[in-house]
Amino acid sequence: IHSKVVMNEHCAIVGTINMDYRSFYLHYENGVWIYDEEFRQAVENDFINTFAQSIEITYEDWKNRPLKMKIIQPILHVFDALV
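For what it's worth, the working numbering labels the leading residue of the sequence shown as 1, then goes sequentially.
In case anyone wonders, no lab produced these hints; they're calculated from the structure.
Where hints are given, some of them may not hold.
[As the list claims (entries may be wrong)] Taking CB as the label site, the calculated pair distances span: (1) F79 <-> H10: 39 to 47 Å; (2) D80 <-> H10: 33 to 41 Å; (3) G15 <-> N45: 12 to 20 Å.
Beta carbons: idealized from backbone N, C-alpha and C, even for Gly.
Take the sequences, apply the hints, and build the full model.
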């Protein structure tokens with residue numbers, strides 16, 4: 001899931017929305033603004049746990065990706081506007 005999270009010590013905003021026309025009117029993306037401290041803490045804990053399991057992909061990693069990925073990615077790029 002490609003989502004966004006913004007939080008501070010008082011609230012959290014979680015959702016999929018981008019600030020553009022397509023997100024607002026075509027894709028019906030949305031987000032929620034949460035003021036509940038217990039839920040905000042759960043969101044923070046989930047973010048920390050997910051981040052700990054994540055790996056950084058550097059530009060060098062991307063340049064050295066397998067040949068099949070280099071072939072498939074431009075083909076799939078044709079469908080970007082539909083997703």
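Results of checking the hints against the structure:
1. F79 <-> H10: 39 to 47 Å: Distance hint for F79, H10 holds at roughly 40 Å.
2. D80 <-> H10: 33 to 41 Å: Given a distance of about 37 Å, which is inside 33 to 41 Å, the answer is holds.
3. G15 <-> N45: 12 to 20 Å: Since G15 and N45 have Cβ atoms about 18 Å apart, the given range 12 to 20 Å holds.
The structure shown violates none of the earlier numbered hints.
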